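Let chain A serve as the given structure and place chains B, C and D with the ligands on it in line with the hints.
Here the protein sequences come in this chain order: A, B, C and D. Numbering-wise, this note's numbering puts 321 at position 308 of the first sequence, and it's gapless, one number per residue. Numbering-wise, this note's numbering puts 345 at position 332 of the second sequence, and it's gapless, one number per residue. Numbering-wise, this note's numbering puts 551 at position 44 of the third sequence, and it's gapless, one number per residue. Numbering-wise, this note's numbering puts 596 at position 89 of the fourth sequence, and it's gapless, one number per residue.
Just so you know, the hints here were simulated from the structure itself, not pulled from any lab data. Keep in mind that a hint or two might mislead.
Said to hold, decoys possible - Here are the simulated BS3-like cross-link-like pairs (lysine-lysine), alpha carbons at most 27 Å apart as the crow flies:
no., chain 1, residue 1, chain 2, residue 2
1, A, Lys336, D, Lys822
2, C, Lys682, B, Lys336
3, A, Lys108, C, Lys618
If you're wondering where the values come from, they're calculated on a predicted model, not measured in any experiment.
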Amino acid sequence: MTQTAAEREEPVGSPPQDLSGEQLRWMYRRMLLIREFENTAQIRFEAGEIAGFLHLSQGQEAVPVGTCAALREGDTITSTHRGHGDVIAKGCDVKRMFAELYGRTTGYCKGKGGSMHIADFSQGIIGANGIVSGGLPIALGAALSCQMRNTDHVTVCFFGDGATAEGGFHEALNLSTLWQVPLIFVCQNNLYGLSQPWEETAFQCDLPERARTYHMPAECVDGMDVITVYGAVARAVNRARRGEGPSFIEAKTYRFLGHYVGDPATYMDQEEREGWRKRDPIPRLGRQLREWGYLTDEEAAQIRAEVEEELQAGIEFAKSSPKPPAADALSDVYVHFDHHGEPR
Amino acid sequence: MTQTAAEREEPVGSPPQDLSGEQLRWMYRRMLLIREFENTAQIRFEAGEIAGFLHLSQGQEAVPVGTCAALREGDTITSTHRGHGDVIAKGCDVKRMFAELYGRTTGYCKGKGGSMHIADFSQGIIGANGIVSGGLPIALGAALSCQMRNTDHVTVCFFGDGATAEGGFHEALNLSTLWQVPLIFVCQNNLYGLSQPWEETAFQCDLPERARTYHMPAECVDGMDVITVYGAVARAVNRARRGEGPSFIEAKTYRFLGHYVGDPATYMDQEEREGWRKRDPIPRLGRQLREWGYLTDEEAAQIRAEVEEELQAGIEFAKSSPKPPAADALSDVYVHFDHHGEPR
Amino acid sequence: MREITYREALREALREEMERDETVFLMGEDIADPFGSAYKVTLGLSPQFGTERVRQTPISEQGFVGAGVGAAVTGMRPVVEIMYIDFATMAMDQIANQAAKLRYMSGGQAKVPLVIRTQGGPGRSSAAQHAQSLEAWFAHIPGLLVAMPSTPYDAKGLLKTAIRLDDPVVFIEQKLLYNTEGPVPEEEYTLPFGEADVKREGSDCTVVATSMTVLKALKAADILEREGISVEVVDPRTLFPLDIETITASVCKTSRVVVTHEAVERCGFGAEIVAQIAQTAFGYIDAPIQRVCAPSVPPPFAQHMEAFTMIDEHKIADRVRRLVTGEL
Amino acid sequence: MREITYREALREALREEMERDETVFLMGEDIADPFGSAYKVTLGLSPQFGTERVRQTPISEQGFVGAGVGAAVTGMRPVVEIMYIDFATMAMDQIANQAAKLRYMSGGQAKVPLVIRTQGGPGRSSAAQHAQSLEAWFAHIPGLLVAMPSTPYDAKGLLKTAIRLDDPVVFIEQKLLYNTEGPVPEEEYTLPFGEADVKREGSDCTVVATSMTVLKALKAADILEREGISVEVVDPRTLFPLDIETITASVCKTSRVVVTHEAVERCGFGAEIVAQIAQTAFGYIDAPIQRVCAPSVPPPFAQHMEAFTMIDEHKIADRVRRLVTGEL
Ligand SMILES: Cc1ncc(C[n+]2csc(CCOP(=O)(O)OP(=O)(O)O)c2C)c(N)n1
Ligand SMILES: Cc1ncc(C[n+]2csc(CCOP(=O)(O)OP(=O)(O)O)c2C)c(N)n1
Ligand SMILES: [Mg+2]
Ligand SMILES: [Mg+2]
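Chain A extracted, bound-state conformation (with noise of 0.2 Å):
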């Protein structure tokens, strides 16, 4: 797929039914809200502003942001260690993060946890994930809350390629249907692990025909169309919501960037790079936007200049917020206890 995808030019095609204007705008801003947070935080890393590890999502917005726009509050998330992109789509305010980035107090974390660790408790947001596929029995954990508190809330478990090869990626997945949890799995499939390729990592494997041994619907997706993504997750979502159990997404997408920002990447090879460049979400969005009438030229300008704005902003909250304290370091270990173990 990869050489003749890259290779495609992508058509517009018809506006989608199931999508007003307005939520087809927000897909667009969220997507750019994504991009240029990244890249503002990938200049602030190199300019040894911020520290730890930044994995970029560059090239994959579409997945989250596609997901994201058919859950609703009270819908739970899992990521991974890319995941700006997944808690941004599902809510989190820029400010927060690049003072969780900057180890600020007002952080999402208060600088405890960093990129790799960005959680929103209170949007559903349970947490990126340092481990590769820490996640997953963790969502299959929340979905099962969703249904034994009787709602009707769902829980998307977002997680790499990679992932697939760890033994939680199965048990997770045997036991969602097992217990006809209102899970969707979304495997953002970027095609690498780290420096290894995804044919390196399971042998001529069809996720999708996998996760169908496990008895749930599942399916393969343009990554790079956020409108594909959306219907694709939305269908699931129904599912789960009216009780059918779990499904699985594999979204075929790309990582334009190197694992991790100083990561040179001479592991892969420059024309695949810009084959899948070409197939850029956002501008593909744009021009679909245009296209249907649903945005001017002025209007996509004026999205820009307030993201660049949210984005200033959010620098400069994270800047003149107060560092904590060193000491705060030995704080929040348990909710009862200090570290040392007395009562609080």
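This is chains B, C and D with the ligands only, laid out in the frame that chain A set:
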């Protein structure tokens, strides 16, 4: 399948082309040896002479015997907590097995391992295992070793239906096709994992179908028919020796007794049990051998007498063997050091 | 007061908490009736609460412990059972990297009201993969609470508390304790985490013991009493929080201390107790601090070899005796 | 003598052993060129030995560590790499129940010449799941050997030995040490397991330090020297076997001891060292035995908070100073 299979009258069929009378008689004798070994062990256990856990494989004998009949010297197996049949089929001597159950110096593990850990590395029996699914990654490594050492040896990995819910199952399957190692997965699906019916382990699961998503040949065979098991394994072994990678075999079988000696197994259906008992693989092969002229009643009686003698001698050997000094508990932790870390 | 078994005490705790709070539910292998779990603690609960809340799982420790984590952070109070502590090895990521750290990593957002019940220890010829005592692993991980009750009374009170706490608890039972009996009030009660219990007062030597070895220490104290040696037995009950004050107070009083547990000596929890005493009660100690722990070998199968590696009253009594008489 | 980095020293060890013995091979995530592993230790090895022997694996720690066990007991000498020690949680069954116990459970039949290389420790804002120091877990499991080299010289010599030993070794590197340089002879050499190294002699106080904290202890000794306090720094190099004789001899000489490591204090390996000293050198110690270890919290992300939890020369010097001047 359960119901109909249980009620079916097994046809005798025609003699297999690829197995000599001698080989068939070996199978018959070996199955009987396993059965009677376990009968004897159970009696001695209930008499309080044997400690620990005793997981009996009565009813399942055709699977290890059919499998190991297709192996030769230099091949390797891994087994499980229910491993007596597997290790006897591969060549373990009941003398030293009884000695192990009795905790004697002459036991395979000098009394340190017991029923769940019997191993004979000199015969490629690299261990039963107390951890469900624990043997799967180990078998993968043994098969990799067969490959890397440029041998045409193969490895067989025995495991139960319950083990297929563990992450290690998935990881071993996935790596095995990626590396195309000479490994044969033999799942002894006895329809229960402890008290849990197979349907509660995996939702409507077709195991060979799942295995095929890893791109290995897979089939489900009648595990009550030693000749069928042999045939399937022999094909898989041939492929493996030719360098054509792993295969997967699900052998449908049944655990005639409870999970371990002492389990009243009230969770098992009485009718189901009786149905499967009618399909007992040992009398079945006996009937076939007689029909085909490979076994006379006298020969059958003689085999039985020999087996009984062997077991009797085994028990005597065990009981007359010395117990290790209690302080032997401290040895065999390391090759190069004692348990305090002093070089030896 | 009525006497019930450790098993019944645990079952009562589960039943009462499930009756009190419908978000409490159980997950684990073979926990539903008729099997009712490997050591029968959950027997009788599935008929009362149904198999949704007494939720049987396939053999997927990583999967169901992780499911416990996910359920715990989204409004439920799961109690998951790992059949043998040895199998916790299958779920260490979910226990040590996820459950333990979610609160911290999220800057205090997450609450993880998860209880992981399991059992360990030797004594049934279960061999190397079914008889370990791995409490030190969990006590080493910030974010986890660790309980190890030795009596039915403590088991019930601590388990009820564990279920009510908003922090993840590793709750470690012992296979030989299930049949032991002891007084347990009919009325509802809970026990706090972080309070050691002086199981017996004495003046010549302190024995700090956990789980099964508390019973052995008490027997040792009986033996030594006849010889005129007075032993104080302190049971921390929870390893974290650890009530070092009570331990230290006892040590300062008796000026001698033996620490005992069933886990292997090397890097066992006893080392931590010794290290804390060596720092806080240094000036009060008259003789080298002793550990009576399993030798650092895997649990052997054969009964007599297993017994050789186990802690009994004689090993404890012997060490105390030699300590008190100045032989050490 | 030439100076090379810790990274280069490790790479040389791997290269030399692979050249010497064709049963030695490597397995792990992203270890082949051009990526050459997360900390570039294996960079350049796949071009020389091919990707069969520098075998890249999917993200399947349980699978490939288990494959290492299976290969090790059937004639190969695998060296597997777990990218971060935190990910060992995914493979604890294979490490602690299988690799560690196969020899024992089989009554001495199995040999398990498996090396598990991994790295731990804080210092790069890697946060709670990428910066732990879990050596105590492995040292607690009978059947495993544990090495933690602090210098390029030790790293090379110990890794070569680890590969040649027939027992499973958990070989723990440190992410900040890879770029440190030190003298390493051109000629082949190996170092024995179980021999501590006195990295610096002194008379007022012993500091027992491991891995990264050895460097910090040496700096602390420099600081204190200027104040007239003479510090002896002892590096056990292998946690098991542990050369307690060398440590005890030093403590008996200086009569004061501080134990330091990057792992959290509670149930860290330091507790074991303290417990052994408290038993064997009791009469020789003048002041409470001190531990300078990380506070028992997960590694935080923000640099200044991480630094707050890390061991540096000032924390060590301060403690030694107060110990020597009788303030503790
Ligand atoms: C259990 C575990 N093993 C290894 C790693 C190191 N690691 C971090 S990201 C990564 C690649 C993940 O690939 P994939 O799941 O495809 O996600 P992507 O990075 O492509 O988004 C690896 C190997 C880890 N974090 N956790
Ligand atoms: C990791 C692990 N989890 C749980 C157990 C407890 N246990 C022992 S055997 C068993 C059932 C195994 O079922 P299956 O794999 O079908 O094998 P069978 O007993 O039927 O031969 C269980 C749950 C274990 N030994 N290891
Ligand atoms: Mg990927
Ligand atoms: Mg079974």
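Each hint, compared with the structure:
1. A/Lys336 to D/Lys822: holds, 23 Å
2. C/Lys682 to B/Lys336: holds, 26 Å
3. A/Lys108 to C/Lys618: Judged against 27 Å, a Cα distance of about 24 Å means the pair holds.
Checked against the numbered hints above, the structure breaks none of them.
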